[in-house]
Every structure is written in C-alpha cells, then in structure tokens.
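Chemist: Spelled out from the first residue to the last, the chains are:
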Amino acid sequence: MKLSEKTNKILEYRFIKPVAGSLKTFFFGESEHALFAPFIKDNIDLKRYMVFVLLALIPSIIAGIYFYGWRIAAVIAVSYVFGVGTEAVCAGIRRQNEIHEGAFVTCMLYALILPPTVPLWIAAAGILFGTIFGKEIFGGTGKNIFNPAMSGRIFVAFAFPSDISGGWIGRAHDATGGFAVWVSDAVTGATPLMDFKSSHILASFKDVFLGYIPGCIGETCKPLIILGGIFLIITKIADWRTPLSFLLAIIAGFAVLHTADTARFAPVWFHLCTGGILFASMFMITDPVTSPLTSAGKWVFGFLCGIITVLIRSFTGYTEGVMFALIIMNVFAPLIDQAVFSYKFREAKYDS
Amino acid sequence: MRPIFKKIRGYNRGYSFTKFPRIDNIEDTKSIAVTGNPDKNIHEKLNFLLKPKQTHPQCVIKLFSTDPIIHNLSSWGEKLSDSIHSTLKYISDKYGATNIHVVIDKSDKNFAGKFFEDLPGINIYLAPNIYPIDDFRILSPLILKKSFINACENTVFLNTKSILNIAEIINTQIVSDHIIFYSDYKEELKAVFKVIPQIKIKDILDFLNIPEEEVLIIGNGFIRGSLITDCSTIITDDTESITVLRKKIDKSVLMPFMRPGVGLDSYTNSFMPSKRLKFEMNIQGGLRPCVNCGYCAKVCPVLIYPSMLINLIEHGLFEEVQKMGVFNCIDCGLCSYVCPSKIQVAKTIKSGKERIFSECSLISGNNKL
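Chains as they are written, first to last, in my numbering: chain A, 201 to 552; chain B, 129 to 497.
Honestly, the hints are just simulated from the structure, not real lab data. The structure presented is a predicted model; accordingly, all values stated were derived computationally and were not measured. Ideal Cβ positions, reconstructed from N, Cα and C, are used throughout, including at glycine. A few of these clues could be false.
Unchecked claim - To spell it out: a stretch of chain A is covered by chain B in this simulated footprint if at least three of its residues, at any positions, have a beta carbon under 8 Å from a beta carbon of chain B; those stretches are: (1) 241–247; (2) 291–302; (3) 341–352; (4) 366–379; (5) 481–494.
Said to hold, decoys possible - Distance windows between CB atoms, simulated: (6) B/N278 <-> A/L448: 31 to 41 Å; (7) A/N208 <-> B/S275: 57 to 67 Å; (8) B/S486 <-> A/F228: 37 to 47 Å; (9) B/S275 <-> A/S404: 37 to 47 Å; (10) A/I345 <-> B/E442: 17 to 27 Å; (11) B/E442 <-> A/H233: 15 to 25 Å.
To be verified - Taking lysine-lysine and the DSS-like style, the derived pairs with C-alpha atoms no more than 25 Å apart in a straight line are: (12) B/K135 <-> B/K242; (13) A/K343 <-> B/K426; (14) B/K217 <-> B/K234; (15) B/K470 <-> A/K436; (16) B/K375 <-> A/K224; (17) B/K273 <-> A/K544; (18) A/K224 <-> B/K470; (19) B/K478 <-> A/K544; (20) B/K451 <-> A/K343.
Between the sequences and the hints, there should be enough to build the whole structure, so can you do that?
Modeler: Structure (structure tokens):
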C-alpha cells in the first residue's frame, strides 16, 4: 500500500510524468469518450501519424546499416537518447502529460542525415541544438518555424566542419555488407558531389542510384527512399504536391543549366541521385509543421525550395544546397499561406 | 416510362461513411425508419409551392441522408413510400414536373426505377454517399448551378420530413411517427421503435432494461448530435434519434497505433482498426497541438481552412475570422472527425461564430452566408 502510494507520487513528479504517460499510452490504447459532436473519430492519431513516418524510414535505416556497419545503430541510439531526453525535460517544464510524438521522428530523420563516421558527441550536440533551438523555444510540437532535424544538421555542419565534411566513407565490402562489422573499413573519400565540384568527375548512374557511394547514412540508397516516400503518399501522411513540385523544380533547373553549359553543370540524373535531394523531398519537405497548409502554397513552397537548391548547388561554394534551401523556405511557409489566403478570400469584402 | 437519372458530379470533398451500418433491412425490424418531427416552416413552404408561378421557380427535394446511421429510400417500407409517392405526384401536378429536382442515394437506383415510373419529367439525381452532400448549402450549387443564397429567392428546399408533413396536410392523416434508434456497443442496430412525444428517456431505458448509469446517450446522431446527460429529458419534436452506448469501454488495446493497412475506414488510408473499434466513440490518442497536417482543410466541404480559423478564434481576431469565410461553415463536424491531434475544431468554430453574432458590432458587411 505504502509502496504503491510512493510509486504514484514518483509517477506524478513533474519530470517523470510525461515519460510515464507516454509509456502507458504507447502500450495500451487510450479509451476516452468524446463529449462533444462528432462522437466518432477517425482512427488516425498523432502516434500513428508519426509511426508511419518511422515505418517508411525502416528500409533506409537497414540500408544504412548494410552500407556502413552497426555504428549507425549507435548514432541513431545517441540521437534518440539526447533528442527524446530533451523533449521529455521540456515536456516536464511545460507540465505536459505525455511526450509529444514528433520528437521520435525528428531524432530518426536527424540521425539519417549525418555522415556515417560522425563522432557520437557531435551527433548528440546536433540533436540537442535541433530540439531546443529548432523546436522547443518556439513552444514545442506544431509551433516550430524550422525543421528541427535540419536545424540540428546545419548546426553541426557549421560548428564542426572538419569532423563533418571529412567523415565520408564508402560502403562495407564484405559479403554480408555492414551487418558483420562495427564500421565500414572502406577508405575515406569524397562524395560524388564534391568530386564533381572539384574535378568534374561523374560517378556512374548505378553507383549513385543504388547507394554505392560515400554519403549520409540514410540518403544513399535511392530505391528504398522512393519506396518510403510512396508509402507516405499512399497513406496520406505526406502530401504529394510538395515533393512533386520540388523535384520538378530540380529537374527543370538542372536541365536548363546542363543544356546551357554541359561541362560545368552535371546532368539532371546525377543531381537527383546524389546528396539529400530525394531524401529531403520525401521526408523533410513533407514535414507538415514547417510547410504551408494550403495546396497552392505547397506547390509554391516545393518549387521555390527546388530553385534555391539548384542555385546553391550550382553557383555557390557549397556542394549541397538542400538543407539551406529548406531552412530558408521554412521561414516563408507562413507568408506563402497568408498570400494564398488573401488571394482566396479576396472577394469577401469587409467594411468595418 | 423508365426515369432518366442524372449524376451529381464535381463533388470530391467530404467523407464517405459507407463502412457504417445502415438500416437497409427494414423488414427485419418491423418498423419505419423516418422521424415524424414536424417541419416548423412547412406551411410557408407549402404556400410557396402553391403560389402562382414565379420566374423559374425550383423545388429541390432530398430523399436521402448521408449521416452514418440513417435510412435510404428503399428502406422506408410500403406505407411511407406510398405517402412520399403521392406527395411527389401532387407537387408535380401543381408545380410543373420540370421544376422539381429530386435527389436520391446512388444505392437506391434500382428501387427508384419503379418509384418514379409514373412521375414523368421530374429531374432525378443520383447522389454519391459522401457526407455532408445532403446539406442543401452543398447540394444547391451542384444541382442548380448557383449558390444557396442566390437560389433561396425562388427555390423551395424539401427533405423527407417535409414531404411526409405535406402528405399529412394534404391527406389529413398521420403517416409519420417518432422513431428511436437504439444501438449498443456491439455496433449492431438492436431495435428501431416508435415512441410517443413527451416520453422520458428514462422510461425508454427502463423498457429496454438498460441501467442508466452504465450508458451514454447521444441525441440526434453521432456526427451532429449532442450528449444527453439528464435521463429525465423528454423526447421532443427536435429529437430525431437517440443512441445508447456503453459508458465504460474496458478493452485496452495493445499498441493500437501499430496496425497499418491501406484503404480501410480511415480518412488517411493508413489504419486498419479491428472491427470492434469502429463504433466506439473513444478518442484514440490524446489531445495534441495542431501539426498543420491540413486534413481538416482537405475534407472541408465548403473550402475554408478550419485549422487557421481556430487559431484566429483563439487569438480573438474575429475580423480576420470573418474574412476567412467562417460563415460558410455548415457545422458538419468533419474537421473534428479527421483531426489526428483530436482537437475540437468544429466546436471552436461554432463558438467563434456565436461570439461574432453576440458582438453585434462586428456583424456588418458582406458575409456571403
């Protein structure tokens, strides 16, 4: 009796409560009556919503481990411990009953856009920054302006440039791939994008498409990313408009540039299959919180994001432009929505 | 002469509740599934119908409903079908058949073939079973090609209830009754029976041997109804149905969110609920902040943005709220239905509208509706 009272008291403690509540609702479906119409609710809830993104990411995670060894699992684990830990502390500060589920997706996405050899402490620092400054200071789930995973990634790219940009390794060459090793023993090399930027070497299509290249953990194996993206679109978790307009902008932009100067600019397929373009188009841009609400806004958002990516990749010193493009466009998402609203509701004249 | 059916096209919003049980097999329950509540404006409508012809007068008659638990045409039984048929004939003789637009459910097509055989010239439309297409504000632009407000001037809108009321007036005999649907937590319709008005809900529960404290009672359906907390409430003319559900759902489902599937009874295509979860009125998952997913905007039948509206209402920006077309809202409740964060979107919007009405200074200008 005394023990259970004590346990209850501990569970009610401000910083324990969110964790306990999350575990409870994770394992056992909550039954709460709706007291207002409509009394029936759709079976989707935020847990399922987020779990579907994780399900879509599973192929990419497995591919990451296959290419680069079990160290990937450690990176993901570190990202989860620090990311969800921060989220739990913030939930305690805000006196929430549960941890909001978005953090679980953020941590996974963040881990998958890191280089495979990233030092674990840098991975931890990045997710701490991403969660706190990308999300929590704005008020938590649903209120953030920037994509938290991308903010964390940008932070580590700027704060630890040598550790990040020197950490590219090729895939493990054993028969079992990376499933038998801790970390791939392949030599450190440059990513195909870097190669092209510095010495105009084009990697073969098969290599870049199947992911036999140095690159970020989850970004290399393109078929599996496309698979995950199609899964998200079929289940209506992600809207198809944003990725489509983004990819169209990328294709159009690079097609024009490549036709104008074949030697200087790489062909479209190369850009589509290298770096984070496909991964971002399927999992990052489709983040509902930081992209516009309106359908028209989604087209504009995706298209501008693509154009900025093309410009950064082609005319700046950076090899990869997706993360900057996405963060820049995140800022404009509410403005795009506002423009769509004022266009749509322009007829409703209002005199006060 | 076989009637010609017109299809209603161009409506791909809303949500189809086709998975919900419908009272198709009315013979089994030996009762009639139409409420007999009188339409308050029925005499006005009848006068309008019988007035000398105006310029292009129209009459839109809706003989179906897309609410989850409700009847369709073929389920009415002989007695009501006859009344509806005779009323339609009466109206078409007086009013001119070409001005009459009758909308029926798509699934009633075979039945309607015989039903409309001797009513030549009437425009018959087959509506898809998408909630809330049966709302006249949605229906009139689709049929008359003009907005509800514009159409109102020379159009009379009638539903099944009004048709039965007219039948009562012209035949001076009572054809409709108060009907109570009773379903329990097993998702099956247990009984449909007639009650006399002014009877207490408590008496009905006693008759069915249902302990009062174990159930929740919802008046007027799952989607637009309200909770009846006091069992001594009487059945009035406004009560169309009461639904009784078990209060305590003592099943806890292990990790219910890990049930993926495609195309099964969820707006998102993403979940396969077990069959028994279907009719529980529990919230799956707790309240969360809005994540801007846009489902409410995609499902909204009147093309407004519910998630933006609740934001503005919460911040008290009522002028903005009006600009964003809040008065187009028809209170269908679909935004609350689809919301993955389980926010009471429809309730907030309704309260916002009420607040704007109460602050009369804000009501000026053109609000469309």
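Chemist: It remains to establish, for every hint, whether it holds in the given structure.
Modeler: Structure-based check of each hint:
1. 241–247: It holds, with 7 qualifying residues against the three required.
2. 291–302: Contact hint for the segment 291–302 of chain A vs chain B: holds, 5 residues under 8 Å.
3. 341–352: holds (count 3)
4. 366–379: With 0 residues in contact (Cβ-Cβ under 8 Å with chain B), the coverage given for the segment 366–379 of chain A is violated.
5. 481–494: It holds, with 5 qualifying residues against the three required.
6. B/N278 <-> A/L448: 31 to 41 Å: holds (39 Å)
7. A/N208 <-> B/S275: 57 to 67 Å: holds (58 Å)
8. B/S486 <-> A/F228: 37 to 47 Å: Distance hint for B/S486, A/F228 holds at roughly 43 Å.
9. B/S275 <-> A/S404: 37 to 47 Å: 60 Å Cβ-Cβ, so the 37 to 47 Å window is violated.
10. A/I345 <-> B/E442: 17 to 27 Å: holds (19 Å)
11. B/E442 <-> A/H233: 15 to 25 Å: holds (24 Å)
12. B/K135 <-> B/K242: Measuring from Cα to Cα gives roughly 18 Å; hence the hint holds.
13. A/K343 <-> B/K426: holds (21 Å)
14. B/K217 <-> B/K234: This hinted pair holds, its Cα atoms lying about 22 Å apart.
15. B/K470 <-> A/K436: Answer holds: B/K470 to A/K436 is near 17 Å, not above 25 Å.
16. B/K375 <-> A/K224: This hinted pair holds, its Cα atoms lying about 21 Å apart.
17. B/K273 <-> A/K544: holds (20 Å)
18. A/K224 <-> B/K470: holds (18 Å)
19. B/K478 <-> A/K544: With a Cα-Cα distance of about 22 Å, the restraint between B/K478 and A/K544 holds, given a limit of 25 Å.
20. B/K451 <-> A/K343: Holds - the C-alpha atoms of A/K343 and B/K451 are around 24 Å apart, at most 25 Å.
This entry does not satisfy hints 4 and 9, going by the numbered hints stated previously.
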